[in-house]
Amino acid sequence: MAREEGTYKAQSAAAGGGSPRKKPQAEQKGSKLVPLPTDSLIPERDAGQTILECRHLGIDFGGLHAVEDFNFMVGKTEIAGLIGPNGAGKTTVFNLLTKVYQPTRGAIILDGIDTANMTTPQVCQAGIARTFQNIRLFDSLTVEDNVKIGLHNQVECGMWSGIFRMPKYWLAEKEFHDRALELLDVFNMADQAGAIAGSLPYGAQRRLEIVRALATSPKLLLLDEPAAGMNPSETAELMENIRKIRDEFQIAIMLIEHDMDLVMGICEGIAVLNFGKIIAKGTPSDIQSNPQVIEAYLGTQDEEAK
Amino acid sequence: MGFLTNLINGISLGSVYAIIALGYTMVYGIAKMLNFAHGDVIMVGGYICFCCMQYLGLPPVLGVLLAVVGCTCLGVVIERLAYKPLREAPSLAVLITAIGMSYFLQNSALLIWKSDPKVFPSVISLPNISLFNGQLVISPISIITVLACVVVMVCLTLFTQRTKMGKAMRACSEDKAAAQLMGIDVNATISMVFAIGSGLAAIAGVLLCSAYPVLMPTTGSMPGIKAFTAAVFGGIGSIPGAALGGILLGVIEIFARAYIGTQLADAIVFAVLIVVLLVRPAGLLGKEMHEKV
Amino acid sequence: MKLFKNMDKTTRSNLITYTMVIVAFLVMQGLGAIGGLSSSMKGQLVPITTYICLAISLNLVVGISGELSLGHAGFMSVGAFTSVVAVSMLQGMVGSPLVRFFLGCAIAGLAAACAGVLIGIPVMRLQGDYLAIVTLAFGEIIKNLLNNLWLGLDSNGLHVSMSNAAALGLEQGGKILINGPQGASGIERISNFTLGFVLVLFTLFVVFNLVNSRSGRAIMAVRDNRIAAESVGISTTKYRLMAFVVSAGLAGMAGALYAMNFNSIVPSKFDFNNSINILVFVVLGGMGNIRGGIISATLLTVLPEKLRFLGNFRMLIYAVVLILVMLVSNNRQLNNAFDMLKEKILRRRGDDDDDETPAQTAEGGAA
Chain A
1 MAREEGTYKA QSAAAGGGSP RKKPQAEQKG SKLVPLPTDS LIPERDAGQT ILECRHLGID
61 FGGLHAVEDF NFMVGKTEIA GLIGPNGAGK TTVFNLLTKV YQPTRGAIIL DGIDTANMTT
121 PQVCQAGIAR TFQNIRLFDS LTVEDNVKIG LHNQVECGMW SGIFRMPKYW LAEKEFHDRA
181 LELLDVFNMA DQAGAIAGSL PYGAQRRLEI VRALATSPKL LLLDEPAAGM NPSETAELME
241 NIRKIRDEFQ IAIMLIEHDM DLVMGICEGI AVLNFGKIIA KGTPSDIQSN PQVIEAYLGT
301 QDEEAK
Chain B
1 MGFLTNLING ISLGSVYAII ALGYTMVYGI AKMLNFAHGD VIMVGGYICF CCMQYLGLPP
61 VLGVLLAVVG CTCLGVVIER LAYKPLREAP SLAVLITAIG MSYFLQNSAL LIWKSDPKVF
121 PSVISLPNIS LFNGQLVISP ISIITVLACV VVMVCLTLFT QRTKMGKAMR ACSEDKAAAQ
181 LMGIDVNATI SMVFAIGSGL AAIAGVLLCS AYPVLMPTTG SMPGIKAFTA AVFGGIGSIP
241 GAALGGILLG VIEIFARAYI GTQLADAIVF AVLIVVLLVR PAGLLGKEMH EKV
Chain C
1 MKLFKNMDKT TRSNLITYTM VIVAFLVMQG LGAIGGLSSS MKGQLVPITT YICLAISLNL
61 VVGISGELSL GHAGFMSVGA FTSVVAVSML QGMVGSPLVR FFLGCAIAGL AAACAGVLIG
121 IPVMRLQGDY LAIVTLAFGE IIKNLLNNLW LGLDSNGLHV SMSNAAALGL EQGGKILING
181 PQGASGIERI SNFTLGFVLV LFTLFVVFNL VNSRSGRAIM AVRDNRIAAE SVGISTTKYR
241 LMAFVVSAGL AGMAGALYAM NFNSIVPSKF DFNNSINILV FVVLGGMGNI RGGIISATLL
301 TVLPEKLRFL GNFRMLIYAV VLILVMLVSN NRQLNNAFDM LKEKILRRRG DDDDDETPAQ
361 TAEGGAA
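Those protein sequence lines, which keep their order, are chains A, B and C.
In terms of the working numbering, the first sequence opens at residue 1 and continues consecutively.
In terms of the working numbering, the second sequence opens at residue 1 and continues consecutively.
In terms of the working numbering, the third sequence opens at residue 1 and continues consecutively.
Since the hints were made in silico from the structure, they are not lab data.
A hint or two may mislead.
What the hints assert, rightly or not - Listed next, with one range per pair, are the computed distances between beta-carbon atoms:
(1) B:Q135 - C:I121: 40 to 48 Å
(2) A:G229 - B:V154: 49 to 57 Å
(3) C:V23 - B:P90: 28 to 36 Å
(4) B:A188 - A:G229: 55 to 63 Å
(5) B:G57 - C:L324: 22 to 30 Å
(6) C:A337 - B:A188: 40 to 48 Å
As the list claims (entries may be wrong) - Listing some non-contacts, in silico: residues in chain C with all C-beta distances to chain A over 12 Å:
(7) G32
(8) P47
(9) G95
(10) Q182
(11) N277
(12) R308
The C-beta atom is built at its ideal place from N, Cα and C for all residues, glycine as well.
Use the sequences and the hints to build the structure in full.
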């Protein structure tokens, strides 16, 4: 607790401010971060409007503290980054947030609601959607069906209406179809709606996973290494898309990524994880110059990171 | 005394199940397949021993030995011909192939030995042991069955823990690709497991037929399913689990027969399996595996 | 023709299946009318429709939901015996045998679905091979319980016993409906081929419509990737259970159809081997491929009868064929060669299509 992030002062206040419901300006790089009691930071425009709060979150695997005392907050429209060396516990944090693992300690508060005792599907309905590091699509189904499955809880139609083709079924199917195509349009994938998901190229599969997650109408979108395996131009496009999603859907995005250009380029607040513990929090420039972070990535020798 | 008699019978029957279940569990551990033909290998073992003793007039020891040799070869041949080409195939295809193999063995036996039940000659010519003024009678075959089970268990444990081949077996069941990279011949190891499992099935076949001396082409199927249940009960893939599951199952079955009814005994055995799996989804001694996210 | 071409793939494929079933029915009816069917074939018609229904319903679990069930015959037997009891009780109340048949079917389906729920709720905690062994165990338990069930009907209503027929304490004129291991006898034979055909259509209707709905997509999502399905808010237990219970209910109705085609049925008929047979229909027809399942169920029900002259060799040949089909269909080299061939043919046909579109439209107009 002896760290200094709490006293951090934002350097530039070029674009912050304004009502939180208002669309954030395109230029987000210099968004102002404001400190919170838990020594977390959120963008100033989200002041008092956190979507996610983790309090002393932790999990043990056997004797190993895979994640320990994880305190973190995400603002309502923030793009937050979670970085750290391999095996630091980043994906485990996502698995805790989505209740793939039940936390051993601590609390996760989503939009004011404690998610203790919720299951993965319940957390999704409460508003957390995610993508996976190793892509997990419904491989044998079409692109459109993948998105329709993402819309599962957005459109009601029971088993009996489905079997006996009640009027409700036709209405629901129309809504499924229209909304699926609308969402696919965000990533310009509408023309691939009929393709089998498993046969798509790698980059398209990653995009489809994001669309599917968006279909669940999340308040917080978790992206696990969205740029893995992408070339620089694809990564640049992805960065644009991530911003576009936040602006259009007005949601918070939290991402794990090893591509530092992407992380430093779009994230407003960043947390660095090492051996399951947060070793630094702050803005991109803050993290870049943090000696502890440099040590975690490059070893003990004091060398310039960049 | 009735209780004690039942207990002894139960442990004896359970020991047979345990020996069969060991074959099931080892094959599952390494090939990740439900080998439904295993039960019919038992039947083949029984018939080989029967033929040696009845038609060739060989001594029982030689009959048992030939049965073991015959079944070991049969197991290896089945694996090579039917299962090896399907190593990459979906598990359902392998399951259906195993069922096909089971039908094949049963119907071959039906053609060779006909459907009429054969009375299995006694392998052991020792008198029954009578205790407490004849209130408790133990047949020598019960004792031999239990002893055989213990010996098999000890040998298998030593084999898997101490020998190079045993370690290779365990490595293959953990991760075949990694084992191959370490220079282990995966195909040879799998063949070895089928050989051991089928050899054990032959022993189980002789013991089963000695205790319940009726031999038919379908003799192996019900004990096969029960032993499979025992393997799952104890935690499939685990050797001590198979032994524990087998013996428990045998005891439960005999007690259910004695105190509840012959007809319902099987239902109770299966009901116990379900209850155990609900409490411990991976069986009594099984390890629960989680998919990595 | 144009309408047909514009339809999406699944609708078109489903229509082909419906058409196939209807044409097959009409052909068989036609053959029956002109006396082209042997009496053994006539006796096979209802069992064939029964096994088609069973193959379709098991496909819902094995192919669509991706779970291995080895106890499908258990649900069939629940349906069969329930329908026998239900129809006997309805005999005095409902005059028309047709209505009795449908009521019997519905009650049988309901009973089997209830059995499905009872079994499914605990079982759905398990996965993969563990689920398979538990369904096997349940199939055996159902068979065992029915072997020990005595049920009689007299003017006082139903009498149940788990020990023997005498314990029922029926009054004079009472009728034993289920007689332990001897099963049910004196069943009113009200099934026929047409009713079997109607049930096949109904089963197809339910399965196709379920698959192409919100619930069906959720079922397939769980099959394709359980963790991803949960992450988008789908309760895996609910949808696995849904597939299992609907399948059980349909199997129960098929069981009712089967039972009411015979004078008597015994519980041991619905054993593990029967469950395996149904599974073989599904696997040989192609997992999740309903049409394939219908064809293989038909062939594998008809062929054994036709091959009776082979005697004991019949089952041996069946076993060898089963193994060979599995080996060949899963041989990678053969599959690759087959795929290449298929692609070639498709490409050629595609070219033809472009050339002959006007001709085809003309043809469609004429037809």
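Structure-based check of all given hints:
Against the hinted window of 40 to 48 Å, the Cβ-Cβ separation of Q135 of chain B and I121 of chain C comes to about 47 Å, which satisfies the hint. A hinted range of 49 to 57 Å holds for the C-beta pair G229 of chain A and V154 of chain B, which are about 52 Å apart. Separated by about 32 Å at the C-beta atoms, V23 of chain C and P90 of chain B satisfy the suggested range of 28 to 36 Å. The hinted window of 55 to 63 Å between A188 of chain B and G229 of chain A is violated, with their beta carbons roughly 37 Å apart.
Our hint of 22 to 30 Å for G57 of chain B and L324 of chain C is violated, since their Cβ atoms are close to 39 Å apart. A hinted range of 40 to 48 Å for the beta carbons of A337 of chain C and A188 of chain B is inconsistent with their spacing of about 30 Å. For G32 of chain C, the non-interface assignment is confirmed: its Cβ lies about 32 Å from the closest Cβ of chain A, beyond the 12 Å cut-off. The Cβ of P47 of chain C lies farther than 12 Å from every Cβ of chain A, with a closest approach of about 26 Å, so its non-interface assignment holds.
For G95 of chain C, the non-interface assignment is confirmed: its Cβ lies about 28 Å from the closest Cβ of chain A, beyond the 12 Å cut-off. For Q182 of chain C, the non-interface assignment is confirmed: its Cβ lies about 38 Å from the closest Cβ of chain A, beyond the 12 Å cut-off. For N277 of chain C, the non-interface assignment is confirmed: its Cβ lies about 27 Å from the closest Cβ of chain A, beyond the 12 Å cut-off. Once the 12 Å rule is applied to beta carbons, R308 of chain C is consistent with being away from chain A; the minimum gap is 40 Å.
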